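Visitor: Let the sequences and hints guide you as you build the complete structure.
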Amino acid sequence: GAGVSQSPSNKVTEKGKDVELRCDPISGHTALYWYRQSLGQGLEFLIYFQGNSAPDKSGLPSDRFSAERTGGSVSTLTIQRTQQEDSAVYLCASSSQPETQYFGPGTRLLVL
Amino acid sequence: KQEVTQIPAALSVPEGENLVLNCSFTDSAIYNLQWFRQDPGKGLTSLLLIQSSQREQTSGRLNASLDKSSGRSTLYIAASQPGDSATYLCAVKRGGATNKLIFGTGTLLAVQP
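Sequence lines, in order, name chains G and C. Start counting the first sequence at 1; every next residue gets the next number (my numbering). Start counting the second sequence at 1001; every next residue gets the next number (my numbering).
If you are wondering where the hints come from, they were derived from the structure by calculation, not from laboratory data. It should be emphasised that the depicted structure is a prediction, and the values quoted were computed from it without experimental measurement. One or more of the hints may lead you astray.
[Claimed, not checked] Reference listing, derived: stretches of chain C covered by chain G, where coverage requires no fewer than 3 residues with Cβ under 8 angstroms from a Cβ of chain G: (1) 1042-1054; (2) 1101-1108.
[Claimed, not checked] Result set (BS3-like, lysine-lysine): computed pairs, CA atoms no more than 30 angstroms apart in a straight line: (3) C/Lys1042 <-> G/Lys15; (4) G/Lys17 <-> G/Lys57; (5) G/Lys11 <-> C/Lys1042; (6) C/Lys1042 <-> G/Lys57; (7) G/Lys17 <-> C/Lys1042; (8) C/Lys1001 <-> G/Lys57; (9) C/Lys1068 <-> C/Lys1001; (10) G/Lys57 <-> C/Lys1068.
[Unchecked claim] For each label pair, taking beta carbons as the anchor points, the in silico distance ranges come out as: (11) G/Ser38 <-> C/Ala1029: 21 to 29 angstroms; (12) G/Ser62 <-> C/Asn1022: 28 to 36 angstroms; (13) C/Asn1063 <-> G/Gln83: 38 to 46 angstroms; (14) G/Ser53 <-> C/Pro1113: 44 to 52 angstroms; (15) C/Thr1026 <-> G/Gln83: 25 to 33 angstroms.
Beta carbons are placed, not taken as given, at the ideal position from N, Cα and C, and that holds for glycine.
Guide: Written out as structure tokens, the structure reads:
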């Protein structure tokens, strides 16, 4: 079946602009995760959604970052007033708790 | 705070060699440990998942072991092939109220033909 998909695959934006990144999880997976992979920081957790429970936002680096998951499926990660240090690959994963997390191909964000 | 370290950071071996990648974690209270591979410009592909109650998992030429008490896991790759060249990441899940993965620093593997 279809895996996790993310869009766009690449995004170039100017400092100060807002960006929205989209994740379509595997159908039926109740858990959805966002991670960020940047040079020098490795791969770090951002936010986790599980069903209708309150999301675990403990990894969001600042209040410029937010995410929502509508209808228990698609998720969008929004970065407001982007900064150059936001440049990274943003990875989404989904799982059928508590098993393996399946990752999407990522969105490569470059903030100029 | 859980910290996950992988050694070596990079490894280059000739084709056909058996090799071991190491992963260590500071907090033994883990729910499971997962090994991934990442190809350049791609996402992560799950290789093996070991539950905290398990000692090892095998898939084809790959074998992963887990020693919770010592905070270590190893990924053994038998008869390496050039197609195995990638970055290998281990990640631990603590479970409980949080299900986030804490990733290691990664090992960049190059298998020379």
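Visitor: All hints are to be evaluated individually against the structure, with a verdict given for each.
Guide: Each hint, compared with the structure:
1. 1042-1054: holds (count 6)
2. 1101-1108: Holds: 6 residues of the segment 1101-1108 of chain C have a Cβ under 8 angstroms from chain G.
3. C/Lys1042 <-> G/Lys15: 25 angstroms, holds
4. G/Lys17 <-> G/Lys57: Holds, at roughly 22 angstroms.
5. G/Lys11 <-> C/Lys1042: Cα-Cα ~15 angstroms, so holds.
6. C/Lys1042 <-> G/Lys57: At roughly 25 angstroms apart (the allowed maximum being 30 angstroms), G/Lys57 and C/Lys1042 satisfy the hint.
7. G/Lys17 <-> C/Lys1042: 26 angstroms, holds
8. C/Lys1001 <-> G/Lys57: Holds. C/Lys1001 to G/Lys57 sits at ~17 angstroms (cutoff 30 angstroms).
9. C/Lys1068 <-> C/Lys1001: 16 angstroms, holds
10. G/Lys57 <-> C/Lys1068: Holds, at roughly 28 angstroms.
11. G/Ser38 <-> C/Ala1029: 21 to 29 angstroms: 28 angstroms, holds
12. G/Ser62 <-> C/Asn1022: 28 to 36 angstroms: 34 angstroms, holds
13. C/Asn1063 <-> G/Gln83: 38 to 46 angstroms: 43 angstroms, holds
14. G/Ser53 <-> C/Pro1113: 44 to 52 angstroms: At roughly 49 angstroms between Cβ atoms, C/Pro1113 and G/Ser53 fall inside 44 to 52 angstroms, so the hint holds.
15. C/Thr1026 <-> G/Gln83: 25 to 33 angstroms: Because 31 angstroms falls inside the window, the suggested range holds.
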